[in-house]
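In full-length UniProt numbering, the protein residues as written are 1 to 227.
A portion of the hints provided could be inaccurate.
[To be verified] Label pairs and their calculated CB-CB ranges: (1) GLU199 <-> ASP146: 13 to 21 Å; (2) SER197 <-> ASP146: 15 to 23 Å; (3) ARG204 <-> LEU5: 17 to 25 Å; (4) ALA224 <-> PRO128: 33 to 41 Å; (5) ARG56 <-> PRO120: 34 to 42 Å; (6) PRO53 <-> PRO123: 32 to 40 Å; (7) GLU199 <-> GLN143: 23 to 31 Å; (8) ARG210 <-> GLY145: 39 to 47 Å; (9) GLY222 <-> SER45: 19 to 27 Å; (10) VAL135 <-> ARG56: 16 to 24 Å; (11) ASP86 <-> SER197: 21 to 29 Å; (12) ALA224 <-> GLU199: 27 to 35 Å.
If you are wondering where the hints come from, they were derived from the structure by calculation, not from laboratory data. Values in this document were obtained by computation on a predicted structure and should not be read as measured data. Glycine residues also receive a C-beta, built at the ideal position from the N, C-alpha and C atoms.
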Amino acid sequence: MSAQLEALARSVRVAARALGRAGLVHAYGHCSARIDAASFLVAPSRPLGLVRPGERCTVVPLEGELPEGVLPEVRIHREIYRRRPDVGGVARIQPPKLMSLSVLGRTPLARHGFGAYFHPQPPLWDDPLLLRSDVQARRLAEQLGDARAIVMRGNGAVTAGQSLQAAVVLAWYLEDAARVELDCLSAAAHTLPTCLSEEQSAVRATWNGRLLERMWDYLTAGDAELD
Numbered sequence: 001m002s003a004q005l006e007a008l009a010r011s012v013r014v015a016a017r018a019l020g021r022a023g024l025v026h027a028y029g030h031c032s033a034r035i036d037a038a039s040f041l042v043a044p045s046r047p048l049g050l051v052r053p054g055e056r057c058t059v060v061p062l063e064g065e066l067p068e069g070v071l072p073e074v075r076i077h078r079e080i081y082r083r084r085p086d087v088g089g090v091a092r093i094q095p096p097k098l099m100s101l102s103v104l105g106r107t108p109l110a111r112h113g114f115g116a117y118f119h120p121q122p123p124l125w126d127d128p129l130l131l132r133s134d135v136q137a138r139r140l141a142e143q144l145g146d147a148r149a150i151v152m153r154g155n156g157a158v159t160a161g162q163s164l165q166a167a168v169v170l171a172w173y174l175e176d177a178a179r180v181e182l183d184c185l186s187a188a189a190h191t192l193p194t195c196l197s198e199e200q201s202a203v204r205a206t207w208n209g210r211l212l213e214r215m216w217d218y219l220t221a222g223d224a225e226l227d
């Protein structure tokens with residue numbers, strides 16, 4: 001493995017453990033980073049919080065079959081990378097608040113700053129079954145469109161960022177948006193706050209001021225593979 005690819009693999013492992021520490025995945029979940037226009041690198045096929053320093057990640061081509069040992073749902077990553085050249089990282093997550101919201105057939109509205117990144121709200125993949133076929137993966141990627149995340153009813157979510165770091169940060173933002181949404185739904189209807197407008201969300205959903213870097217530092221603090 002080249003030094004460049006090994007550096008990317010280290011980022012994938014760090015991201016995997018960050019998702020685990022933050023409670024955004026448990027026994028299930030996976031993450032990946034784009035290598036180039038023809039391939040991406042996916043985390044080891046085990047609980048992300050248990051990925052070991054130096055553990056081997058797998059190169060997955062955008063064309064052809066999934067490599068042996070790669071989890072079936074990684075085909076979701078493949079379809080997103082095929083359709084979205086702007087995407088550099090994908091996270092398949094199982095956050096608890098979002099899971100509860102999704103079984104109600106809802107996704108979080110843009111009610112606060114972190115929700116603005118998904119304005120007006122993430123699309124809902126309204127199928128609770130496991131996604132194990134190329135046809136399903138293609139349909140999910142098509143429904144995702146240009147959005148930063150898609151919520152899967154009773155089955156977590158997928159985030160897509162310009163980098164894997166962004167996908168991980170968006171995963172945290174998405175779970176926080178779900179927390180706020182559930183809190184609002186538990187209040188009386190007349191107390192529900194207004195949502196951010198499209199214009200407000202466009203201004204608020206920024207990475208300026210090292211917003212991405214600061215959250216990434218927060219989520220990865222103390223990781224064994226960071227200097």
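Okay, the hints, checked on the actual structure:
1. Restraint check, GLU199 to ASP146: a C-beta distance of roughly 18 Å satisfies the suggested window 13 to 21 Å.
2. Separated by about 19 Å at the C-beta atoms, SER197 and ASP146 satisfy the suggested range of 15 to 23 Å.
3. Hint check: ARG204 to LEU5, Cβ distance near 36 Å, so the stated range 17 to 25 Å is violated.
4. Hint check: ALA224 to PRO128, Cβ distance near 36 Å, so the stated range 33 to 41 Å holds.
5. Between ARG56 and PRO120 the beta carbons are some 41 Å apart, a value that agrees with the proposed interval 34 to 42 Å.
6. Checked against the hint of 32 to 40 Å, the pair PRO53 and PRO123 passes, with Cβ atoms roughly 36 Å apart.
7. A C-beta distance of roughly 25 Å is found between GLU199 and GLN143, which places it inside the suggested range of 23 to 31 Å.
8. Hint check: ARG210 to GLY145, Cβ distance near 28 Å, so the stated range 39 to 47 Å is violated.
9. Distance hint check: the CB atoms of GLY222 and SER45 are about 25 Å apart, consistent with the given range 19 to 27 Å.
10. Checking the proposed 16 to 24 Å range against VAL135 and ARG56 shows it is violated: the Cβ atoms sit about 30 Å from each other.
11. Distance hint check: the CB atoms of ASP86 and SER197 are about 24 Å apart, consistent with the given range 21 to 29 Å.
12. For ALA224 paired with GLU199, a C-beta distance near 43 Å fails the hint of 27 to 35 Å.
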